[in-house]
Amino acid sequence: MPAVRGDGMRGLAVFISDIRNCKSKEAEIKRINKELANIRSKFKGDKTLDGYQKKKYVCKLLFIFLLGHDIDFGHMEAVNLLSSNKYSEKQIGYLFISVLVNTNSELIKLIIQSIKNDLASRNPIHVNLALQCIANIGSREMAEAFGTDIPKLLVSGDTMDVVKQSAALCLLRLFRTSQEIIPGGEWTSRIIHLLNDQHMGVVTAATSLIDALVKKNPDEYKGCVSLAVSRLSRIVTASYTDLQDYTYYFVPAPWLSVKLLRLLQNYTPPAEDPGVRGRLNECLETILNKAQEPPKSKKVQHSNAKNAVLFEAISLIIHNDSEANLLVRACNQLGQFLSNRETNLRYLALESMCHLATSEFSHEAVKKHQEVVILSMKMEKDVSVRQQAVDLLYAMCDKSNAEEIVQEMLNYLETADYSIREEMVLKVAILAEKYATDYTWYVDVILNLIRIAGDYVSEEVWYRVIQIVINRDEVQGYAAKTVFEALQAPACHENMVKVGGYILGEFGNLIAGDQRSSPSVQFQLLHSKYHLCSPMTRALLLSTYVKFINLFPEIRTQIQDVFKQDSNLRSADAELQQRASEYLQLSIIASSDVLATVLEEMPAFPERESSILNVLKKKKPGRVPENDVKENKSPTPMATVHHNNELYTSATGQADLLGLSTPPTSQPHSSSNTGVLLDVLGDIYSKPCNNVSAQNSSIADFKKFVCKNNGVLFENDLIQIGVKSEFRQNLGRLGLFYGNKTSTALQNFVPSLVWAEEQATKLSVQMKTVEPVLEAGAQIQQMINAECVDDYTDTPSISVSFIYNGVPQKISIKLPLTLNKFFEPTEMNGESFFARWKNLGNTNQQRSQKIFKASTPMDLQAARTKMIGFGMQLLDGIDPNPDNFVCAGIIHMRSQQVGCLLRLEPNKDAQMYRLTVRSSKESVSVEICELLADQF
Amino acid sequence: MQFMLLFSRQGKLRLQKWYVAHPDKLKKKITRELITTILARKPKMCSFLEWRDLKIVYKRYASLYFCCAIEQDDNELLTLEVIHRYVELLDKYFGSVCELDIIFNFEKAYFILDELMLGGEIQETSKKNVLKAIAAQDLLQEEETPQGFFDDHGLG
Numbered sequence: 001m002p003a004v005r006g007d008g009m010r011g012l013a014v015f016i017s018d019i020r021n022c023k024s025k026e027a028e029i030k031r032i033n034k035e036l037a038n039i040r041s042k043f044k045g046d047k048t049l050d051g052y053q054k055k056k057y058v059c060k061l062l063f064i065f066l067l068g069h070d071i072d073f074g075h076m077e078a079v080n081l082l083s084s085n086k087y088s089e090k091q092i093g094y095l096f097i098s099v100l101v102n103t104n105s106e107l108i109k110l111i112i113q114s115i116k117n118d119l120a121s122r123n124p125i126h127v128n129l130a131l132q133c134i135a136n137i138g139s140r141e142m143a144e145a146f147g148t149d150i151p152k153l154l155v156s157g158d159t160m161d162v163v164k165q166s167a168a169l170c171l172l173r174l175f176r177t178s179q180e181i182i183p184g185g186e187w188t189s190r191i192i193h194l195l196n197d198q199h200m201g202v203v204t205a206a207t208s209l210i211d212a213l214v215k216k217n218p219d220e221y222k223g224c225v226s227l228a229v230s231r232l233s234r235i236v237t238a239s240y241t242d243l244q245d246y247t248y249y250f251v252p253a254p255w256l257s258v259k260l261l262r263l264l265q266n267y268t269p270p271a272e273d274p275g276v277r278g279r280l281n282e283c284l285e286t287i288l289n290k291a292q293e294p295p296k297s298k299k300v301q302h303s304n305a306k307n308a309v310l311f312e313a314i315s316l317i318i319h320n321d322s323e324a325n326l327l328v329r330a331c332n333q334l335g336q337f338l339s340n341r342e343t344n345l346r347y348l349a350l351e352s353m354c355h356l357a358t359s360e361f362s363h364e365a366v367k368k369h370q371e372v373v374i375l376s377m378k379m380e381k382d383v384s385v386r387q388q389a390v391d392l393l394y395a396m397c398d399k400s401n402a403e404e405i406v407q408e409m410l411n412y413l414e415t416a417d418y419s420i421r422e423e424m425v426l427k428v429a430i431l432a433e434k435y436a437t438d439y440t441w442y443v444d445v446i447l448n449l450i451r452i453a454g455d456y457v458s459e460e461v462w463y464r465v466i467q468i469v470i471n472r473d474e475v476q477g478y479a480a481k482t483v484f485e486a487l488q489a490p491a492c493h494e495n496m497v498k499v500g501g502y503i504l505g506e507f508g509n510l511i512a513g514d515q516r517s518s519p520s521v522q523f524q525l526l527h528s529k530y531h532l533c534s535p536m537t538r539a540l541l542l543s544t545y546v547k548f549i550n551l552f553p554e555i556r557t558q559i560q561d562v563f564k565q566d567s568n569l570r571s572a573d574a575e576l577q578q579r580a581s582e583y584l585q586l587s588i589i590a591s592s593d594v595l596a597t598v599l600e601e602m603p604a605f606p607e608r609e610s611s612i613l614n615v616l617k618k619k620k621p622g623r624v625p626e627n628d629v630k631e632n633k634s635p636t637p638m639a640t641v642h643h644n645n646e647l648y649t650s651a652t653g654q655a656d657l658l659g660l661s662t663p664p665t666s667q668p669h670s671s672s673n674t675g676v677l678l679d680v681l682g683d684i685y686s687k688p689c690n691n692v693s694a695q696n697s698s699i700a701d702f703k704k705f706v707c708k709n710n711g712v713l714f715e716n717d718l719i720q721i722g723v724k725s726e727f728r729q730n731l732g733r734l735g736l737f738y739g740n741k742t743s744t745a746l747q748n749f750v751p752s753l754v755w756a757e758e759q760a761t762k763l764s765v766q767m768k769t770v771e772p773v774l775e776a777g778a779q780i781q782q783m784i785n786a787e788c789v790d791d792y793t794d795t796p797s798i799s800v801s802f803i804y805n806g807v808p809q810k811i812s813i814k815l816p817l818t819l820n821k822f823f824e825p826t827e828m829n830g831e832s833f834f835a836r837w838k839n840l841g842n843t844n845q846q847r848s849q850k851i852f853k854a855s856t857p858m859d860l861q862a863a864r865t866k867m868i869g870f871g872m873q874l875l876d877g878i879d880p881n882p883d884n885f886v887c888a889g890i891i892h893m894r895s896q897q898v899g900c901l902l903r904l905e906p907n908k909d910a911q912m913y914r915l916t917v918r919s920s921k922e923s924v925s926v927e928i929c930e931l932l933a934d935q936f
Numbered sequence: 001m002q003f004m005l006l007f008s009r010q011g012k013l014r015l016q017k018w019y020v021a022h023p024d025k026l027k028k029k030i031t032r033e034l035i036t037t038i039l040a041r042k043p044k045m046c047s048f049l050e051w052r053d054l055k056i057v058y059k060r061y062a063s064l065y066f067c068c069a070i071e072q073d074d075n076e077l078l079t080l081e082v083i084h085r086y087v088e089l090l091d092k093y094f095g096s097v098c099e100l101d102i103i104f105n106f107e108k109a110y111f112i113l114d115e116l117m118l119g120g121e122i123q124e125t126s127k128k129n130v131l132k133a134i135a136a137q138d139l140l141q142e143e144e145t146p147q148g149f150f151d152d153h154g155l156g
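Respectively, the protein sequence lines represent chains F and V. Here the first sequence is numbered in the working numbering, starting from 1 and rising by one per residue. Here the second sequence is numbered in the working numbering, starting from 1 and rising by one per residue.
Simulated from the structure, these hints should not be mistaken for lab results. Do not take every clue at face value.
Unchecked claim - Calculated cross-link-like contacts (lysine to aspartate or glutamate; reagent style DMTMM-like; alpha-carbon spacing at most 20 Å): (1) F:K618 to V:E71; (2) V:K128 to F:D161; (3) V:K27 to F:E775; (4) F:K86 to V:E107; (5) V:K25 to F:D72; (6) V:K12 to F:E26; (7) V:K42 to F:E380; (8) V:K29 to F:E775; (9) F:K215 to V:E71; (10) V:K27 to F:D72; (11) F:K762 to F:E824; (12) F:K215 to V:D74; (13) V:K92 to F:D245; (14) V:K44 to F:D417; (15) F:K617 to V:D53; (16) F:K741 to V:E50; (17) V:K42 to F:D417; (18) V:K28 to F:D70; (19) V:K127 to F:D245; (20) V:K42 to F:E342; (21) V:K29 to V:E50; (22) F:K216 to V:E71; (23) V:K127 to F:D161; (24) F:K619 to V:E33; (25) V:K132 to F:D161; (26) V:K28 to F:E775; (27) V:K44 to F:D382; (28) F:K619 to V:D53.
Let the sequences and hints guide you as you build the complete structure.
Structure (C-alpha cells):
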C-alpha cells in the first residue's frame, strides 16, 4: 500500500486494499455489500458523524461507484459537506456531487445555495471549486442560477486571473446547455477583448468561449478576427523563451495557437481589411516555414506540438481556399509526411490531403502523390491508416486517373481487411459510374466487384448496374455476354447469379445467335446454379425463366418442366410456389401477343442520382470523404454560417442556365399567353419561367416529391427526415419520421410550420407536437393533417430547430403538399376527352400553357413514371402521337371540385416540351402547369 | 473533448471524466466498447481512430491507457499532448506516478484534472501554474487538524 498523502483517509485506503485483495468477483461484491451496509448504518445511526467521517464514507461511496456499482444514497451527506469550513471536506463533497449528479430538486436547491456561498468567497480557491462544480454539472438549473453572475465574474477588473480562466470555461459549458445566457451588447466587446489579456491562461480559456459564441453569432463577434490574427502573429514570431511556461517543448503556446487558428475557421478570409488578411497569410507562411526547420528537440512531444499547429494552419488554409500558393505548399508539406516514420503523422497527412483534393487549387498537387498513396493503401500495417489512404484515393479520383485508381482499389480489395471491404465496394462502384466514359468498363468493374467481394456488394450496387444497363442500349449486348461468361465460373457468387439472371432475362436474346450461348445453353447455365441459391434469388430466376419463354419460345417446354417440379410448384416457400404456378399458367394460357406484352422488356428507370452515395454517407456519419472539387471561395466580408441549413434560397433570376446559344425570347410569366407563336413548337427558345436553379440540389430533391408521396425528404450527418403520405378526396395525412443519426440526443427539438396565414385559409394544415428530445439513434414520428379548402400555390414548409452538442441547428424543408396531391385520376375515352378539351378551351382564362427546354435528357419512360406519380389518370391511345401524354383528373377541395385536363408534347429534336393544362378555373390551370413543367 | 478514460492493461477502469451528460448505462457501454477496441490494437498502430461520429485519441503509459474522445474538428496531435501534460502533472505531484497512486488517490487525480481541463476544454497549459493551484489546495488542507487520523486507526 503506497503512502497516503496529506489528509490521507486511512479507512479508505484499507478498504481499497481489501478490494484489491479480493480473489474473485464474488468476493469483491461481498466486500462491497458489507461496506455499503456499514455506511448505511452509520448514516442512519443516532450518533452524529463528524465532518471527517462523513468525508471518508462519501469518498468510499464514490470509489464503489467508480468501480461500476450503483449508489443510491449518500447524496445528502455529500451536500452537507459542501458547507463544511474544512476545505478537504468541501472538496470531496463537490467531487461526489460532480460525479453522481442527481436531479433531485430538493438537493439541487441546497447545492445551488452552497455554490452561491462559495462563489462569493474571498478565497479564489473556493470560488474556483464552485466554478468547477457548475461546469461539471452544466445543467439547465445551473445555467438559470448562475447565468448572470458568471459573465460578471469573467469581465470584472477585480477578478483574479485563475478565476477568470475558470469563469470563461464555466460560461462556455453553460452556454452549451442554454444559449440564451450570454448577454449581448457591450458584453460582446468586453469578451472579445479578453483576447488581448496579459495572462496567456486567460486568453487560452477565453478563446474556447469566443469560438463557441462566434458559431452562434458570427456577425456580432466579427471584431475578434483582427485581434485573433494579432495574437497569433505575436505567438508565431515569438522565440520559445519569450513565453516561458507557456512554451511547450520549444513550441510557443501550441494550445492557444491551435485555438486561434480554429477560431479563424469560422470566417471566410478577411477581405475588408487587407492588412489583417496579409498578416494572417504571413502567420500561415511562418508556420509552414517552421515546419521545414530542423527540430529543436528529438522528443515526440516537440514534434507533436509543432505539427499540431501546422495541421491546424493547413486546416485554415483549406478552409479559406483562396491562396493557391499556400494550398500547394501545404500539399507539399503533407506529401513529405506521407513517408514519415511516425504512423500518426502519416495518418493525419492522408486525412488532411483528402480535403486538399477537393480544392481546385490543390487538386492537381495532390494527384502528384498518387503512387505513394497507393502504396500506403497496400503496405500500411494499421488498417485505420489504410482506410485513410482509400479515402484519399477516392477524393483525388477524377476523369484522368479513374481507371488506374479503380483498378488499384480492385486489386487491393482481394486482400483488403474485412472491416473496410463494404465501404471500398461502394466507393469503387461510385467512381466507376461517375467517371465511366465507356459503359462496358463500368460493367466490367461492377462484375469484378461481385467476383472479388461478392459478400460485400450490397443491393444498391447490383440494382444500380442493372438500372444502368437497362437505360443504355449500347451496353446491353456487352453486358449479356459478360455475365454469361462470368456465370461459367465453377463457383460464382450469388449476387452474380442475380445480376446474370436479370440481365439475361432482359437481353439474353442479344447473344442467343451464338451457338455457344444459345437459349438452351443460357437456360441450363442459369438453372445449374438454381439449387444453390436462396429463395429470393430463386424467385428472381423464375421470373427470368418466364421471360425466356417470351424471348425463346423454343425452350418453352423445358422451362415449363422446371415450373412443374414439386420443389417449385409445391415449394414450402409461398413466394416460389406462387411464382411457379402463376408463370406456368401464364405460359399455358396466354397467347404469344399477350405474353409479349406482359413480359415486355423493362421500361427505362427514371434517371436519378445513384443511391449508393447515400449508403456510403450512412456508413460514415460525421465524415464522408468527398469526391468533388469545389470552386474556390472568393473572399467576402460575409461570415460563413455553418449551422444554418437554410434550404430554400429563393431562386433568383439566373438566366440561361442551360447555356443556349440563341438569346432566349423573354416569355411573360403569366402563362395564359397562348399566342400563335407558341404553337410553333421547336422554333422558340423559351426560358424556363420560374428559373429554378438546377444547381440547388435541395430544390431538386424536393421536386421529386411533387410526383411521389414517400421517401427521404432531407438528410445530413445529423438527421434524416422521411415522409409517408396518403390523400383521400380533399384530405391528406402526412407522417414525418425524424431519425437522429448521431450518438448524442438532439435537444430542444421543435419542428414548426411555415405557412402564411392567407395561404392557410386555402390549405389548412395541422401539426401534432413532438417530444422536445430526440434521443441518440432514435426515430420519432409526427403526424400532419391537411385539408384542401380552395386552390393554392406553393407548398407549406416546416422549420426544424434543435441543439446538437450545444450548437443550434435549423433545417427548413418543403412538405410534399402541392396542389396536385388532391387529384383523383379520372378515366375517360377519347370522345369525351376531346369534347371536354374543346369545351374548356373556350376562354383563355381556363387554360395555361408552357413551352420549355428539357432540363434533363428526354426520357419518355421516365416522363411516364412522373406523369403517373403526378396523380392524374394517364390516358393512352387518345393522342394520335404516341409520344404525347394526355391526362385527366379532378382536384378535390372542400366546397368544389375542379376537373382538369392536360397534354404534354415532347419534341425530341428541339429537346423541348409543350405543356397545356385546361381546367374550369384559371388559377388551377396555372398552378398545375407550373408544378408539372418543373419536373422535366 | 467529450470524455477521458484511464484504464489498465487488464481492462480495469481507473478514472473516468465525462464532459457531456450521458445516462450511466450508456457510459458503461461506451467504456466497455472502447476498452475492448483499444486493448486489441497493436503497439505500433496509429493513436487515432474513428469511432461513431467522434475521434478517439489514446496513448499508453506503462500499464495505463489514457483515452480521449474528441470532436471531428478537434486537434488529434494536441490531444496527445493534453494526455502527456496530465501524465507529467501526476508524475510531478506523486513523484514518478504509478497505477497504484491513481487507485489509492483517485480523488487527487480528479482534482488535478479539474485544474488542467474544465468543461472539456484546456484551462491551464502551464505546468507551473497547475502545480501551484494544487499546492495551494493542499496547503489549505494541512491547516486543518487531521483529527480523524487517530479515530480511524484500525477502524474500517
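**Hints violated by the structure (listed by number, smallest first)** = Checked against the structure, no hint fails, so every one of them is satisfied.
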